[in-house]
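**Student:** Could you put together the complete structure from these sequences and hints?
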Amino acid sequence: MRLARGRPIAAGAIAVAVVATVVTFLTLPNAEAATLGSGSYATTRPAGTSGPTGCGSLATNPRQYVTANAPAGPVPTNDWWSSLLFKRINCAYSEPLNAHPMAFKPAADGLGVGYTTEAAISGTATGVGEYHFPYTTEFTLGVAGLNAPNTLVDGWTDWTVTPSWSDGARTLKATIGHGLPFIYARTTGGNAQLSFGGPPAVWSNSGNRVGFTVRGHDYMAYAPTGATWTVSGNTITSTLAGRDYFSVALLPTTPSTPAADRTALANNYGQYAHNHVTGSQVSWSYNQSTSTVNATYTLTTTAREGSGSGTVVSLYPHQWKNLSGSTTIAQTYVSPRGPMRTIVGTGAFTTATKFQGVLPEVPAVATSSGADLTTLGGYLDQVATGDPFAGFGNDTYWTGKALGRAARAAEIADQLGRTAQRDTLLNAIRTRLTDWFTAGAGETGRLFAYDQAWGTLIGYPASYGSDQELNDHHFHYGYYIAAAATLAKFDRNWAAANAYGGMVNLLIRDANNPDRNDTMFPFLRDFDIYAGHDWASGHGSFGAGNNQESSSEGMNFANALIQWGIATGNTAVRDAGLYIYTTQAQAIQEYWFDSANQNFPANFAHNTVGMVWGDGGAYATWFSGEPEMIQGINMLPITGGSLYMGYRPAYNTVNWNELVTNNGGPPTVWQDILWSFQALGNGDQALANLRANPGYTPEEGESRAHTFHWIRNLAALGQVDTSVTANTPLYAVFTKNGARTYVATNLSTSTVTVTFSDGRTLSVPAGKTATTGAFTWVGGNGTSTPPSSQPPSSPPPSSPPPSSPPPSSPPPSNPPVGSNVLYLRSGPALSTSAGAGAGTQTISAANGNWDGNPHNPVTYRLCGITGTPNGGQTAFTFHIDAGTAVAQGVQARVSYDFTGGGTYGRVETYGYFATDPVVGTEQYTQAAGLASSTGSLAAMNRGCVRIELWNAIGNAPTTVRIDATAANGRQSTLTIPYTVS
1 MRLARGRPIA AGAIAVAVVA TVVTFLTLPN AEAATLGSGS YATTRPAGTS
51 GPTGCGSLAT NPRQYVTANA PAGPVPTNDW WSSLLFKRIN CAYSEPLNAH
101 PMAFKPAADG LGVGYTTEAA ISGTATGVGE YHFPYTTEFT LGVAGLNAPN
151 TLVDGWTDWT VTPSWSDGAR TLKATIGHGL PFIYARTTGG NAQLSFGGPP
201 AVWSNSGNRV GFTVRGHDYM AYAPTGATWT VSGNTITSTL AGRDYFSVAL
251 LPTTPSTPAA DRTALANNYG QYAHNHVTGS QVSWSYNQST STVNATYTLT
301 TTAREGSGSG TVVSLYPHQW KNLSGSTTIA QTYVSPRGPM RTIVGTGAFT
351 TATKFQGVLP EVPAVATSSG ADLTTLGGYL DQVATGDPFA GFGNDTYWTG
401 KALGRAARAA EIADQLGRTA QRDTLLNAIR TRLTDWFTAG AGETGRLFAY
451 DQAWGTLIGY PASYGSDQEL NDHHFHYGYY IAAAATLAKF DRNWAAANAY
501 GGMVNLLIRD ANNPDRNDTM FPFLRDFDIY AGHDWASGHG SFGAGNNQES
551 SSEGMNFANA LIQWGIATGN TAVRDAGLYI YTTQAQAIQE YWFDSANQNF
601 PANFAHNTVG MVWGDGGAYA TWFSGEPEMI QGINMLPITG GSLYMGYRPA
651 YNTVNWNELV TNNGGPPTVW QDILWSFQAL GNGDQALANL RANPGYTPEE
701 GESRAHTFHW IRNLAALGQV DTSVTANTPL YAVFTKNGAR TYVATNLSTS
751 TVTVTFSDGR TLSVPAGKTA TTGAFTWVGG NGTSTPPSSQ PPSSPPPSSP
801 PPSSPPPSSP PPSNPPVGSN VLYLRSGPAL STSAGAGAGT QTISAANGNW
851 DGNPHNPVTY RLCGITGTPN GGQTAFTFHI DAGTAVAQGV QARVSYDFTG
901 GGTYGRVETY GYFATDPVVG TEQYTQAAGL ASSTGSLAAM NRGCVRIELW
951 NAIGNAPTTV RIDATAANGR QSTLTIPYTV S
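Counting from 1, one number per residue, gives the positions in the sequence shown under full-length UniProt numbering.
These are computed hints drawn from the structure, not numbers from a lab.
Even glycine gets a Cβ: it sits at the ideal position worked out from N, Cα and C.
Be aware that one or more of the hints could be misleading.
Stated by the list, open to error - No more than 30 Å apart at the CA atoms, straight line, and that leaves these computed lysine-lysine pairs for DSBU-like:
#, residue 1, residue 2
1, Lys768, Lys736
2, Lys321, Lys768
3, Lys768, Lys354
4, Lys736, Lys321
5, Lys354, Lys321
Said to hold, decoys possible - For each label pair, taking beta carbons as the anchor points, the in silico distance ranges come out as:
#, residue 1, residue 2, range
6, Thr751, Asp851, 17 to 23 Å
7, Ala602, Asn147, 39 to 45 Å
8, Ala829, Gly872, 19 to 25 Å
**Tutor:** Encoded structure:
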């Protein structure tokens, strides 16, 4: 969130190891400072500055709006419910709380409840436009006679909160949260009461349950066993049979739902009505061998009666699309984020999200020689001449922009061996970061100050509400951390925890602290764990809820954590970055881009939004109505962590075309940012646009050097290939014209072999990035020493280990395989278990003759096999379909790696299968015959088998059936001739 950028429009539960915080106090003119390694931070604000402000004495006492039951320690901010605690506008209660599927608004008589299923759309199809699911009270949950002067916060967990009311005679506590179709209430002093704007439409009232409908939405209230409900006038009440708990559930029904189905749903939910949710917690892990981030979302329940467990939980699209396991998903709810799918009876679920890799910078495969090298060198001269911070504001945001610009250019200069330019930029970065990280140094006025009352670190000069509203800390600090990560590769002494690394970690801990036990900062301040993305506003005090504009600057922070964690050997920070990055990359595709066209309201005319709100989205920004900035603010800064914007390259064209339409022609401002985004979908066209407009004005945080390097090299590399992963975080795979380029960076002190999921391996020397093209560059990790730094006497103890085992070692975490019958599964992957349904995998057209030579194959692989040959032969059945296309031929190659080390000792290529031009699958089997083979079968010890499927001939794509169950039939399988153990 930024109310005004002030930019010239002429052209936007893992514990982490931390250092002891306060060691020594320094004397400052207007503040005291605590040392942290070689750095320091102020412990009082500089004179004339401000911290968080709001209602009453909030500036000095944020806990005035919590009860004695609330957790100790720093209070959370930047959440969906923050206006309950960080009160700035409604000083008694709060603004609407968009939990999803329901929304809430506290009032004197209790908790207002609403569920809006029709979007309100405003604006125009080609200009600024918004959609919102505005809050409307459908009923109020409370206690008869309740008239509380305010609403306090009784407690919170990772994505739930418990507001609390008291008027001295009556009390109410109600637990609400993301994904909860239940409200769990505790009362004293009077009857439980549901009040309405008129007589309620009751469709069931039997025993301890009452069902009612408001605005076409069905609810069921559950009182304790033995209690009843009384309907009278505009209220429904219950004595609760003398007990103090009840719950209300929103049912996933519509006016057309049959009465019997509605009753069945109410009974199904009723099994969990008194299992009150009392806690929510996320945990995550990174499986490096499979490049997967697993996140488990756990709900703790307390049985108010009986001994049951489990609850009902609804998942956002970014969650249910990455759900791990075979959990059954039932009915859906409408939400501003798209359809929420519901799991009944669970206490936890896990998502497994593929991590597609990040890089310090795209490799110079096309700018390392010739005329383009000369052009790029001239641009680098421009960046490295003079003060790279000249012309930038002195506040944390604009300093960050300057740091990012210099760091990108330093990475490029290093790739090209231009050490003088690189070192000039690194020295400038070091000097400016050291200044910010030393609170008692000089008279620049630049420092960070810790506010103990709020548990936050604020940089002064502040900007865009980063001080008074705690806005945008992840935006601002992400640039600092990313620049520090670049510097750390060349100057490990500076980055050491006992030097200035501790200050970098302090910024991380403030913006998105991965240590939930830290007593200085809240856990993951800016990241909404369940919603899957950051919130920018510290207080969220808006009628539409909280908001975030620049999702890409949030990703810049996540990428910075990955880069810094790897460069300094801090795996906890690295893994926190991986969790935020992979989760938010999915959320951006769903909620900012809606790249699958499934989540925006059908009559919302835009294909992207500039801002996500709690109750909707807006094709708008806080600072401009220009289409270039509305769309570009979710693209900048362009870095080696921006590759997620190319996961769905067809969408890049959709986004670009909307820009051109809404702008009445190609962009005239922020052209470099927009071309860089376009390059992820169509590098050749982006390069043509760049070459045709040499006089463009760079966006303030960009340089001509970086834009030319990015676009020229993507034009050569092609699009991001998400079908292949690697067993190191610093990697990328690109595809152009059917040819793949594999890229990996190694920041460790010894050579590593990176293994890609399609079996390709890449040896990467220490401190280098390697590609499978003709260019390998030296970079980072102390391979050279900038003039003003002291060379490290030895690698630091925290140097990251090699990203993969030596070639002779098996992958470390492949589970043992217990069957020789393997199924083709989505991923693509092989598995010993069948799928849960049936789908297809597309095999690209041959467009030539590739008989015997895998061309753009779909690759399935499984490792962890131990066994001996059983004397048989490889057998397979692949269900293939070419539709109505003629002259197609699908071909298979099966390879055996006996040790899992990346060397295939037996390779079998089978004759291609000529398909018919009739819709429906055909069976391609080993009966097609061996066209060629090399090597002999041998015993396998944690070995691997790989299948490659490609079109050998034909000009149309084909499909292979995958994920089929036995009941669905036509399962595509491979049987290997082994007795496995």
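**Student:** Each hint needs a verdict: does it hold in this structure or not?
**Tutor:** Structure-based check of all given hints:
1. Note on Lys768 and Lys736: the hinted pairing holds, with a Cα-Cα distance of about 24 Å set against a maximum of 30 Å.
2. At roughly 36 Å between alpha-carbon atoms, Lys321 and Lys768 are farther apart than 30 Å, so this suggested pair is violated.
3. At roughly 24 Å between alpha-carbon atoms, Lys768 and Lys354 fall within 30 Å of each other, so this suggested pair holds.
4. Among the hinted pairs, Lys736 with Lys321 is consistent with the structure: their alpha-carbon atoms are about 28 Å apart, no more than 30 Å.
5. Distance restraint check for Lys354 and Lys321: the Cα-Cα separation of roughly 12 Å lies within the 30 Å cut-off, and the hinted pair is therefore satisfied.
6. In this structure the supplied range 17 to 23 Å is violated for Thr751 paired with Asp851, their Cβ-Cβ distance being about 37 Å.
7. Hint check: Ala602 to Asn147, Cβ distance near 43 Å, so the stated range 39 to 45 Å holds.
8. Ala829 and Gly872 have their C-beta atoms about 24 Å apart, which keeps the hinted 19 to 25 Å range intact.
Violation of the numbered hints given earlier is confined to hints 2 and 6; the remaining hints are satisfied by the structure.
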